[in-house]
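*Asks:* The lines below spell out each chain.
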Amino acid sequence: MPVPIQSPIGAAHTRIMGVGGYRPSRVITNAEICKVIDSTDEWIQTRTGIQERRWSAADETVGVMAIGAAQKALVAAGVEAEQIGCVVISTVTHLTQTPSLAADVANQLGAHKAAAFDISAACAGFCHGLALAQDMIRGGSAEYVLVIGVERLSDLTDMNDRSTAFIFGDGAGAAVVGPSETPGIGPVVWGSDGSQLDAIGQTFNWDELRDKPELGFPALRMSGQQVFRWASYQMVPVAKLALEKAGITADQLDAFIPHQANMRITDAMIKALKLPDHVPVARDIAKTGNTSAASVPLAMERMLAEGEAPHGGVALLIGFGAGLVYAAQVVTLP
Amino acid sequence: MAATQEEILAGLAEIVNEVAGIPAEDVQLDKSFTEDLDVDSLTMVEVVVAAEEKFGVKIPDEEVKNLSTVGDAVSFIAANNA
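Protein chains in written order, with our numbering: chain C, 44 to 377; chain S, 3 to 84.
Read the hints as simulated data drawn from the structure, not as lab findings. Only a predicted model underlies this, so the values are computations on that prediction, with no experimental measurement involved. Beta carbons are placed, not taken as given, at the ideal position from N, Cα and C, and that holds for glycine. Be a bit skeptical, because a hint or two may be false.
[Unchecked claim] With a Cα cut of at most 25 Å, we get these calculated BS3-like pairs of lysine-lysine:
1) Lys-56/S with Lys-67/S
2) Lys-56/S with Lys-314/C
3) Lys-314/C with Lys-330/C
4) Lys-60/S with Lys-314/C
5) Lys-115/C with Lys-156/C
6) Lys-317/C with Lys-283/C
7) Lys-283/C with Lys-255/C
8) Lys-33/S with Lys-317/C
9) Lys-283/C with Lys-56/S
10) Lys-288/C with Lys-317/C
11) Lys-33/S with Lys-56/S
12) Lys-78/C with Lys-314/C
13) Lys-33/S with Lys-60/S
14) Lys-33/S with Lys-67/S
15) Lys-60/S with Lys-283/C
[To be verified] Quick partial rundown of chain S residues pointing at chain C, CB under 8 Å, derived from the structure:
16) Val-51
17) Val-59
18) Asp-63
Let the hints inform the model, and build the full structure from the sequences given.
*Replies:* The following block contains the structure:
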């Protein structure tokens with residue numbers, strides 16, 4: 044008979060204990076974007092709901108922003124960096140293949156005992172990270188997990204691309220996830236559709252630069268109509284299933300916090316979800332732009348800070364983006 | 003039974019009115035969605051999705067850009083909802 048191996052023992056339930064955000068210093072107005080592309084403030088606002096976005100200064104690296112957001116989340120959670128068992132960072136703009144951003148951030152935060160790794164799930168990254176954190180804590184691999192979404196999308200924005208130049212922003216959002224006596228994170232509903240790989244991506248891959256350095260730097264490109272259709276209609280059943288699995292109805296929600304992709308997508312989802320008027324909806328995109336993996340925690344932080352959503356309230360989160368990939372869950376707000 | 007061109011036009015006008023708030027009587031075959039009716043690219047997706055549901059057709063993303071006038075859309079639906 045083989046020697047028995049001890050099985051890990053985790054917590055029964057998990058919750059988000061604290062959230063924090065980092066909004067970089069440069070405010071970029073639509074007027075500034077329109078100095079490069081032939082467009083207007085009204086055109087951009089009508090199609091995206093974006094009034095302005097934040098872009099990083101040179102010294103506001105993904106690491107600096109991730110640490111800034113994480114420190115605020117740790118304080119809000121009342122958890123010390125040494126207690127963190129794992130740091131998960133979702134980003135598509137850490138422009139170093141290896142090592143990971145998470146290892147650097149964990150060290151600089153003082154989370155010396157933490158496992159640390161990056162994930163690539165684009166705009167759905169924070170919701171993926173939350174699901175991983177939940178499973179780690181329930182599975183006994185970590186007691187506290189720091190989930191960070193950070194992007195410097197301005198690095199991958201083609202200022203001359205009339206379909207994307209005004210969309211993207213920079214920033215970081217972080218959450219500390221820990222054990223809970225009652226369920227604070229519902230079952231995740233997630234998945235992927237690689238048949239739509241081309242809907243959002245890079246203009247060319249890094250390895251093409253080896254032979255053709257004249258290509259310059261790649262940028263993000265997006266098929267706007269294709270993404271709009273997928274997000275506005277295919278994501279609604281995903282959101283409904285996340286509610287159903289959590290045993291929550293739409294009228295019981297205290298907040299709806301979708302990935303801040305485009306205000307028009309948010310509005311189309313609200314309509315298709317038949318979300319009651321009394322449920323507050325995250326509209327952080329107006330001042331922040333689309334910050335991919337950072338958008339959900341940034342929007343959550345703003346709603347809590349401005350009293351739009353109550354601490355301890357129930358929120359539906361959904362992230363969706365390049366892949367195409369998606370993840371949704373119901374959470375208790377910290 | 004497939005819808006007639008008149009029925010499709012009337013149905014489409016109803017959709018455009020509902021989605022974009024444009025008076026149904028303005029939705030005529032020779033009207034351009036973007037130029038005359040002020041339907042932008044994202045609203046066009048909403049119109050297309052509603053039309054798919056109403057007429058039981060598939061209008062793929064790559065086809066949407068070919069539907070510049072109301073007449074284009076009516077013809078496509080008529081040819082594909084048989």
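*Asks:* Enumerate the violated hints, using their earlier numbering and listing them in ascending order.
*Replies:* Hints 7, 8, 12 and 17 are the ones this structure does not satisfy, whereas the remaining hints hold.
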